[in-house]
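S.K.: If you want the building blocks of each chain, they are given just below.
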Amino acid sequence: MDTQAKEAGIFTSTVDFVVNWGRKNSLWPFPYGTACCAIEFMSTESSRYDLSRMGSEYVRFTPRQSDVLVVSGTITYKQAPILKRIYEQMAEPKWVISMGACACSGGFYDCYCTVPGIDHIIPVDVYIGGCPPRPESFFDAMFDLQNKIADESYMKERAERVRDQLEAIQLKTAECKEELISCSHAKVDELKGKAEGLKRDMIKKATFWKEP
Amino acid sequence: MSHCENRVETPVVATAEARQEFAEKVLPILESRFGAVRDEDDQWGFTVVVDGAQLRNVVLFLRDGHEYRVNMLLDVVGVDYLGFKDYTGPRFAVEYALKSVYNPSRRIRIKVRVSETDCKVPTISDLFPIANWQEREVWDQYGIVFENHPDLRRLLNHAEFQGHPLRKDYPAHKRQWLSTNDFLLPELEARLEAKGYKIISRSKEVVPDAEEYLTGSIKQ
Chain E
9 MDTQAKEAGI
19 FTSTVDFVVN
29 WGRKNSLWPF
39 PYGTACCAIE
49 FMSTESSRYD
59 LSRMGSEYVR
69 FTPRQSDVLV
79 VSGTITYKQA
89 PILKRIYEQM
99 AEPKWVISMG
109 ACACSGGFYD
119 CYCTVPGIDH
129 IIPVDVYIGG
139 CPPRPESFFD
149 AMFDLQNKIA
159 DESYMKERAE
169 RVRDQLEAIQ
179 LKTAECKEEL
189 ISCSHAKVDE
199 LKGKAEGLKR
209 DMIKKATFWK
219 EP
Chain B
47 MSHCENRVET
57 PVVATAEARQ
67 EFAEKVLPIL
77 ESRFGAVRDE
87 DDQWGFTVVV
97 DGAQLRNVVL
107 FLRDGHEYRV
117 NMLLDVVGVD
127 YLGFKDYTGP
137 RFAVEYALKS
147 VYNPSRRIRI
157 KVRVSETDCK
167 VPTISDLFPI
177 ANWQEREVWD
187 QYGIVFENHP
197 DLRRLLNHAE
207 FQGHPLRKDY
217 PAHKRQWLST
227 NDFLLPELEA
237 RLEAKGYKII
247 SRSKEVVPDA
257 EEYLTGSIKQ
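So the sequence lines, in the order shown, correspond to chains E and B.
So the first sequence is residues 9 to 220, counted in our numbering.
So the second sequence is residues 47 to 266, counted in our numbering.
Bound-form chain E, shown alone (with noise of 0.2 angstroms):
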């Protein structure tokens, strides 16, 4: 770059390149297991595998601390509504891994009482195929991922936030205004009439009084 610094321990680079170099080398999931899947999450995490190689380090069991929802097993539909509310309860950012057939598709349950897929109740970011997948597909998915998030632009997302900030605010203050002239439209109507009262009052009372 051209404005490099000249002092030694300064390098410049993007925002853009910083935020995503620390978010993706950061990514603690949140295990949602509820069937086999969750067995194989299991011994991608522990030492054989090791998931925190790449910086997945802790599993958090509390959806406010932890960037990835990881659903690994079936989804019925009595559990749906839970699953949401954890997505829910999940702080910005955030990413899902739908792992499994089940998770994905609702896999060999076509029946009364699975969900066919996540992606009905949460938007999901990467899929892996399997049942269940073994532990590289996870690796592969979690650097899909991590792929994913490094073409994510934070400054983008920031001005995008900020145009839609704007935009509400101008909508809003031109709902205002509009009010505002309706109002005071009406309220010099009501002046006027009053105005006109009182001059057709005076007429009269001129014209009563006056001397023939």
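It is worth saying that the hints were derived from the structure and are not from the lab.
With a straight-line cut-off of 25 angstroms between C-alpha atoms, the simulated DSS-like cross-links for lysine-lysine are:
| hint | chain 1 | residue 1 | chain 2 | residue 2 |
| --- | --- | --- | --- | --- |
| 1 | E | Lys86 | B | Lys220 |
| 2 | E | Lys213 | E | Lys200 |
| 3 | E | Lys207 | E | Lys218 |
| 4 | E | Lys164 | E | Lys180 |
| 5 | E | Lys92 | B | Lys250 |
| 6 | E | Lys86 | B | Lys214 |
| 7 | B | Lys131 | B | Lys157 |
| 8 | E | Lys212 | E | Lys202 |
| 9 | E | Lys86 | B | Lys250 |
| 10 | E | Lys202 | E | Lys213 |
| 11 | B | Lys220 | E | Lys92 |
| 12 | B | Lys214 | B | Lys131 |
| 13 | B | Lys157 | B | Lys145 |
| 14 | E | Lys200 | E | Lys212 |
| 15 | B | Lys214 | B | Lys157 |
This structure is a prediction, so every number in the text was calculated from the model and none was measured.
Keeping the supplied structure of chain E fixed, place chain B upon it in accordance with the hints.
M.R.: Structure of chain B alone, referenced to chain E:
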């Protein structure tokens, strides 16, 4: 000491002869006392068909009325015979699988036929506490009412579910969404109170209105 040794020396195993003997011993008593009929469709096991009114007497008799003491309820199963080949009889049946914890060859299934118009069976949840949830499940999936059951609610399906999914005439591809979580805190509080804990403040359910529930949903 000798008692212990005796127990070790005679391991009890299930044999075909012992099962046959059990069936031959018990069947006449059930036939004469309760009007039970052996189900010939069950070729490998021992099933008796009894009337719903006699069910409790039969279960009580098997549990502690005679020397065999068939005192363990394994399962309560509902059956829907709609569309069953060459079958003319009441539409539903409830089967009770019982066995003895003292001898594995003493096992028996009791079948009660239930018609669709009078879909009722007396409960045995006071005789076998495990039957409480089993009967709830059968009611949930088949809609068979267990009379005098203390708490006949749905067990597996959610609270807003309509119909009974394991009936043969339930549409196979019908799906039913649940709109909200179960509110289980009063139940928990009652249980804590029963154990002697004091409830300082009772929780109140926050019922989200439809619009609030859809906030942030991708389904709207």
